[in-house]
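Participant: Residues per chain are reported as follows:
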Amino acid sequence: MITPAEYVREIPAHHRLEAGRCKKCRKIYYPARQVCPECQAREFEPLSLPREGKIVTFTVIRVAPSQFSDQAPYAMGIVEVQPGVRLLTQVVDCDLDKIEIGMPVSLEFRKIQEDGEKGVLAYGVKAVPR
Amino acid sequence: MITPAEYVREIPAHHRLEAGRCKKCRKIYYPARQVCPECQAREFEPLSLPREGKIVTFTVIRVAPSQFSDQAPYAMGIVEVQPGVRLLTQVVDCDLDKIEIGMPVSLEFRKIQEDGEKGVLAYGVKAVPR
Amino acid sequence: MDYWIVGLLMDSHLTINPFIHQSIHPSIHYPKQMMLNFKTTEDTVNREVVILGVGMTRGGEHWGKSLRQLFVEAALAAIDDAGVDRIGSMYIGCMSSGLFNGQEHIASLMADYLGQKHVPATRVESACASGGAALRMGFMEVLSGLNEVVLVGGVEKMTDVSTDGATYALSTAADQTYESFYGVTFPGLYAMIARAHMHRYGTTRKQLAEVAVKNHLHGSMNPFAQYRQKITVDEVIHSTAVADPLNILDCSPITDGASAVILCSREIAKKFANGNPSLREKPLVKITGSGQATDTIALHSRQDITELRAVAEAAQQAYKMAGKKPGDIHLAEVHDCFTIAEICVLEALGVAEKGQGGKAAESGYTALGGRMPVNTSGGLKAKGHPVGATGVAQAVEIVHQLRGEAGDRQVKNARVGLTQNMGGTGGSCVVHIMEAL
Amino acid sequence: MDYWIVGLLMDSHLTINPFIHQSIHPSIHYPKQMMLNFKTTEDTVNREVVILGVGMTRGGEHWGKSLRQLFVEAALAAIDDAGVDRIGSMYIGCMSSGLFNGQEHIASLMADYLGQKHVPATRVESACASGGAALRMGFMEVLSGLNEVVLVGGVEKMTDVSTDGATYALSTAADQTYESFYGVTFPGLYAMIARAHMHRYGTTRKQLAEVAVKNHLHGSMNPFAQYRQKITVDEVIHSTAVADPLNILDCSPITDGASAVILCSREIAKKFANGNPSLREKPLVKITGSGQATDTIALHSRQDITELRAVAEAAQQAYKMAGKKPGDIHLAEVHDCFTIAEICVLEALGVAEKGQGGKAAESGYTALGGRMPVNTSGGLKAKGHPVGATGVAQAVEIVHQLRGEAGDRQVKNARVGLTQNMGGTGGSCVVHIMEAL
Ligand SMILES: [Zn+2]
Ligand SMILES: [Zn+2]
Numbered sequence: 001m002i003t004p005a006e007y008v009r010e011i012p013a014h015h016r017l018e019a020g021r022c023k024k025c026r027k028i029y030y031p032a033r034q035v036c037p038e039c040q041a042r043e044f045e046p047l048s049l050p051r052e053g054k055i056v057t058f059t060v061i062r063v064a065p066s067q068f069s070d071q072a073p074y075a076m077g078i079v080e081v082q083p084g085v086r087l088l089t090q091v092v093d094c095d096l097d098k099i100e101i102g103m104p105v106s107l108e109f110r111k112i113q114e115d116g117e118k119g120v121l122a123y124g125v126k127a128v129p130r
Numbered sequence: 001m002i003t004p005a006e007y008v009r010e011i012p013a014h015h016r017l018e019a020g021r022c023k024k025c026r027k028i029y030y031p032a033r034q035v036c037p038e039c040q041a042r043e044f045e046p047l048s049l050p051r052e053g054k055i056v057t058f059t060v061i062r063v064a065p066s067q068f069s070d071q072a073p074y075a076m077g078i079v080e081v082q083p084g085v086r087l088l089t090q091v092v093d094c095d096l097d098k099i100e101i102g103m104p105v106s107l108e109f110r111k112i113q114e115d116g117e118k119g120v121l122a123y124g125v126k127a128v129p130r
Numbered sequence: 001m002d003y004w005i006v007g008l009l010m011d012s013h014l015t016i017n018p019f020i021h022q023s024i025h026p027s028i029h030y031p032k033q034m035m036l037n038f039k040t041t042e043d044t045v046n047r048e049v050v051i052l053g054v055g056m057t058r059g060g061e062h063w064g065k066s067l068r069q070l071f072v073e074a075a076l077a078a079i080d081d082a083g084v085d086r087i088g089s090m091y092i093g094c095m096s097s098g099l100f101n102g103q104e105h106i107a108s109l110m111a112d113y114l115g116q117k118h119v120p121a122t123r124v125e126s127a128c129a130s131g132g133a134a135l136r137m138g139f140m141e142v143l144s145g146l147n148e149v150v151l152v153g154g155v156e157k158m159t160d161v162s163t164d165g166a167t168y169a170l171s172t173a174a175d176q177t178y179e180s181f182y183g184v185t186f187p188g189l190y191a192m193i194a195r196a197h198m199h200r201y202g203t204t205r206k207q208l209a210e211v212a213v214k215n216h217l218h219g220s221m222n223p224f225a226q227y228r229q230k231i232t233v234d235e236v237i238h239s240t241a242v243a244d245p246l247n248i249l250d251c252s253p254i255t256d257g258a259s260a261v262i263l264c265s266r267e268i269a270k271k272f273a274n275g276n277p278s279l280r281e282k283p284l285v286k287i288t289g290s291g292q293a294t295d296t297i298a299l300h301s302r303q304d305i306t307e308l309r310a311v312a313e314a315a316q317q318a319y320k321m322a323g324k325k326p327g328d329i330h331l332a333e334v335h336d337c338f339t340i341a342e343i344c345v346l347e348a349l350g351v352a353e354k355g356q357g358g359k360a361a362e363s364g365y366t367a368l369g370g371r372m373p374v375n376t377s378g379g380l381k382a383k384g385h386p387v388g389a390t391g392v393a394q395a396v397e398i399v400h401q402l403r404g405e406a407g408d409r410q411v412k413n414a415r416v417g418l419t420q421n422m423g424g425t426g427g428s429c430v431v432h433i434m435e436a437l
Numbered sequence: 001m002d003y004w005i006v007g008l009l010m011d012s013h014l015t016i017n018p019f020i021h022q023s024i025h026p027s028i029h030y031p032k033q034m035m036l037n038f039k040t041t042e043d044t045v046n047r048e049v050v051i052l053g054v055g056m057t058r059g060g061e062h063w064g065k066s067l068r069q070l071f072v073e074a075a076l077a078a079i080d081d082a083g084v085d086r087i088g089s090m091y092i093g094c095m096s097s098g099l100f101n102g103q104e105h106i107a108s109l110m111a112d113y114l115g116q117k118h119v120p121a122t123r124v125e126s127a128c129a130s131g132g133a134a135l136r137m138g139f140m141e142v143l144s145g146l147n148e149v150v151l152v153g154g155v156e157k158m159t160d161v162s163t164d165g166a167t168y169a170l171s172t173a174a175d176q177t178y179e180s181f182y183g184v185t186f187p188g189l190y191a192m193i194a195r196a197h198m199h200r201y202g203t204t205r206k207q208l209a210e211v212a213v214k215n216h217l218h219g220s221m222n223p224f225a226q227y228r229q230k231i232t233v234d235e236v237i238h239s240t241a242v243a244d245p246l247n248i249l250d251c252s253p254i255t256d257g258a259s260a261v262i263l264c265s266r267e268i269a270k271k272f273a274n275g276n277p278s279l280r281e282k283p284l285v286k287i288t289g290s291g292q293a294t295d296t297i298a299l300h301s302r303q304d305i306t307e308l309r310a311v312a313e314a315a316q317q318a319y320k321m322a323g324k325k326p327g328d329i330h331l332a333e334v335h336d337c338f339t340i341a342e343i344c345v346l347e348a349l350g351v352a353e354k355g356q357g358g359k360a361a362e363s364g365y366t367a368l369g370g371r372m373p374v375n376t377s378g379g380l381k382a383k384g385h386p387v388g389a390t391g392v393a394q395a396v397e398i399v400h401q402l403r404g405e406a407g408d409r410q411v412k413n414a415r416v417g418l419t420q421n422m423g424g425t426g427g428s429c430v431v432h433i434m435e436a437l
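Protein chains in written order, with our numbering: chain A, 1 to 130; chain B, 1 to 130; chain C, 1 to 437; chain D, 1 to 437.
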């Protein structure tokens with residue numbers, strides 16, 4: 001339910017996992033930021049996150065928001081792609097009972113949701129256990 | 001765009017012009033209140049407002065909210081039904097160019113809007129010049 | 001696990017909690033500037049802020065009452081309890097009257113319908129911490145001297161929209177673009193905290209359930225609670241799954257409700273209390289500590305998923321201002337929006353050692369009659385969670401307890417209470433410490 | 001009409017405005033308790049609050065920037081201008097990120113993205129007066145001593161929804177159940193004020209238009225203005241009708257934008273200014289007066305449709321605190337959401353006699369070079385009206401003016417400025433007075 005404009009602005013992050021690395025302290029932020037919370041520096045260099053990682057924690061959503069209700073139950077997990085660099089995504093193409101903390105996953109480009117009213121299809125990544 | 005629940009709760013006011021008169025200072029409030037801003041008293045007796053009044057001020061809405069766009073242009077006015085007792089409503093069944101401050105009107109029960117999504121029809125009063 | 005000692009074994013509120021020394025663990029570093037800026041009340045102003053009156057509606061599905069009616073009902077109760085006839089200004093905590101009710105600008109609406117013509121009024125929003133944030137604004141206003149009698153209220157009317165509409169409105173407390181967009185719900189976010197806590201610290205499903213069981217037991221003694229039935233661990237564990245490992249009975253409900261308190265300076269309070277026989281016989285309740293902090297809005301941006309840093313920061317500020325340690329607190333109302341939340345909060349407050357919060361409810365430590373009763377009101381779980389009102393309702397309970405007005409759920413010799421209210425997954429937090437004078 | 005004297009005839013900012021004695025007219029009675037509670041700064045605290053730095057984005061349609069990016073851009077500009085490296089707390093004025101952006105809890109979001117880890121942050125909402133209310137919170141926090149360096153920002157991103165979506169979001173500042181429900185829009189409500197004012201006082205269509213013409217002229221000199229083209233009375237009168245008698249050029253636009261100021265105590269400010277060469281050469285700007293008030297949310301509930309009582313109340317408080325009269329003010333930024341609004345506001349501020357506000361722009365009294373320039377920034381009309389940011393942007397302009405940084409639109413010898421920000425049809429209002437030290 002983000003607006004179409006917000007979706008379009010954030011495509012580089014959602015589709016291509018574009019992140020930012022602080023030029024001063026080297027910390028990586030996803031999504032990219034304007035200020036580094038660690039060192040207050042404001043210069044970042046762009047980079048794309050790796051598409052492999054492991055599950056830090058997860059859940060199975062059984063009561064879902066309406067635009068996801070046709071997918072329920074579905075798993076969601078926080079995936080760490082580099083030490084300290086994480087994102088939240090669905091965990092798919094697997095047995096929901098077999099998901100574990102520490103499990104290695106690949107991040108694949110998938111459809112995330114449809115906005116029924118405006119007909120916008122939104123894409124991003126989903127985690128598939130390797 | 002009020003919720004159906006809010007509409008239902010306020011039917012006595014919208015449909016029947018139910019108001020409240022402060023038992024202490026006799027001031028009339030539409031809609032009825034829990035506290036009198038004039039004297040801080042909390043007891044009120046119900047009454048229905050008269051259905052005749054005069055226009056205090058008005059406008060013609062030419063750029064309308066979507067659920068009213070099929071009615072535009074339409075006039076809206078603040079109608080005084082008793083000294084100091086006023087309400088806001090549409091002014092209908094008249095030439096928009098002929099509406100004037102001080103004009104006597106009758107308040108008639110009419111359909112106010114349709115909520116397209118939920119299909120709720122909402123009713124209230126509209127002012128018709130006498 | 002070695003550090004955990006069942007609190008019931010301790011016999012007095014006045015003994016120092018043995019966990020204290022490790023409880024605020026050393027990995028928390030406070031930003032330098034914050035420490036520099038931060039001064040205790042004593043350093044800066046000589047005003048003391050008192051809660052003179054409290055009021056609230058029962059939590060529930062108030063189909064017949066509008067947003068403004070609910071607020072006015074609670075505000076009038078607080079005004080009557082305080083015995084004031086006029087207020088100098090108002091703050092209103094409310095998370096999303098825009099999405100729940102199609103109504104913003106409720107500062108004007110509520111001042112108007114409360115009959116307080118022209119009084120300054122401000123709405124404060126910090127998701128589910130809106131009420132706590134409003135309380136801090138009122139505290140600050142009395143400290144600043146701009147007004148001496150301030151009403152702080154909170155309100156949320158959540159049942160005017162469908163459950164899906166309410167789920168959406170609540171999801172706006174998370175990062176809409178990087179969390180909600182991917183399909184997560186609030187139970188889902190807290191479920192991920194729970195899973196990580198269980199995995200790292202061995203917290204059990206039963207321990208989660210014990211939080212809900214305790215809070216329903218407390219709620220059964222509170223006439224203002226939305227749910228007054230007792231529940232069992234078995235019922236929690238077998239209730240409908242919402243987001244694994246959390247079930248419906250791990251979650252606070254959707255609630256309509258409002259609450260309010262009247263704040264004033266201690267000097268003014270004395271004058272009012274002298275003229276009000278019912279207040280004269282009861283202790284005045286003073287706010288001795290206030291703390292507020294934030295954390296990343298997105299759960300996945302945090303170094304440690306199980307650690308509520310905003311809670312720890314806010315608590316540290318409040319403890320410092322009040323000159324108290326966690327062991328000095330006699331009872332607390334904390335933000336148990338989900339059972340796991342109460343567990344992590346107790347750790348962040350320094351009441352339980354990191355990772356050991358799961359044992360608090362299970363051992364009876366936080367139950368009525370235990371070493372440090374938590375959520376005697378029933379908490380968000382049983383009392384209900386009208387999100388913007390919750391932080392103020394917590395203060396209402398602490399005042400009732402410190403005044404000895406809590407009936408069956410009265411904590412004996414309660415003189416120091418704490419409220420902890422947070423937004424989102426802990427992206428914002430407000431903590432207050434209150435003491436009976 | 002007899003009372004009106006063209007201000008241009010007066011030659012000095014220091015002469016007392018001859019309208020003053022009648023200007024706060026006797027029908028305004030302040031509630032007793034408010035007066036009782038109200039104390040000037042001098043009575044209660046010895047802290048003085050200074051605006052150390054300011055920053056803002058240009059108003060406009062920022063398709064490429066998100067809500068958080070806009071806010072951070074303005075906040076960083078203010079931080080740089082002040083030369084501080086850390087802030088102690090934050091307030092964010094925002095009317096409806098819930099309806100415009102599906103995002104509440106922006107206190108957490110903005111503190112996070114501004115890189116201010118764990119800093120206390122609070123969002124404040126009072127419809128279009130959200131920014132002014134946030135400014136008052138920051139002022140109060142510095143007065144209270146809780147924090148010494150406070151960032152106050154405002155933000156609104158209004159172009160992410162359709163015009164109809166924006167119209168709906170804005171309509172939530174009115175009484176949703178007794179105003180918006182019947183089909184009225186905000187232009188419609190102000191149009192009814194305009195019609196009543198024209199009918200009673202003989203205000204003309206041309207006088208309304210002169211407000212927009214003046215503010216566009218001012219905006220043409222402001223690099224931060226959304227619209228920098230000059231317009232004519234004829235263009236206003238013949239622009240598209242929106243709600244009779246108001247046309248599109250009587251209305252402020254839909255705007256994305258953010259603004260921020262850094263507040264601190266005067267003592268701290270001196271230290272920073274000494275270490276910051278660019279600040280050392282400029283006067284410090286102190287907030288000497290703050291006032292806030294409310295009125296009925298519904299326009300039709302007011303005794304006099306043309307009178308903005310909340311503005312008069314808030315102004316009276318601010319004048320009293322600052323020890324100033326309307327004639328002492330050298331320039332003002334006021335809430336010209338519609339042309340008629342500026343007219344009624346000038347009357348409520350005591351700058352124009354009741355009913356005579358229509359002549360202010362027409363006579364040149366409120367133009368740059370006139371007796372009391374109003375909205376030198378271009379006002380909401382030309383600078384843009386990102387609703388929650390507007391109240392803070394007003395302070396940004398006054399600081400630029402009092403520091404002598406306003407370029408082509410600089411008011412000569414400006415030492416006392418006023419900001420007036422209101423929500424809805426005047427259901428809430430915040431007024432500040434600022435002086436160059
Ligand atoms: Zn860095
Ligand atoms: Zn009365």
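You may find that some hints are simply not true.
[Claimed, not checked] Think about it this way: if two alpha-carbon atoms lie no more than 25 Å apart in a straight line, the pair counts; the simulated BS3-like pairs of lysine-lysine are:
1) C:K230 <-> C:K286
2) C:K117 <-> D:K325
3) C:K117 <-> D:K320
4) D:K286 <-> A:K23
5) D:K117 <-> A:K23
6) D:K206 <-> B:K98
7) D:K117 <-> D:K65
8) D:K324 <-> D:K282
9) A:K27 <-> D:K117
10) B:K111 <-> B:K54
11) C:K206 <-> A:K98
12) D:K117 <-> C:K320
13) C:K65 <-> B:K23
14) C:K65 <-> B:K111
15) D:K282 <-> D:K270
16) A:K54 <-> A:K111
17) D:K282 <-> C:K325
18) D:K282 <-> A:K111
19) B:K23 <-> C:K282
20) A:K24 <-> D:K117
21) C:K206 <-> B:K27
22) C:K282 <-> C:K271
Quick caveat, the hints were computed from the structure, so don't treat them as lab data.
Participant: Okay, which hints does this one fail, numbers in order?
Facilitator: 1, 4, 17, 18, 19, 21
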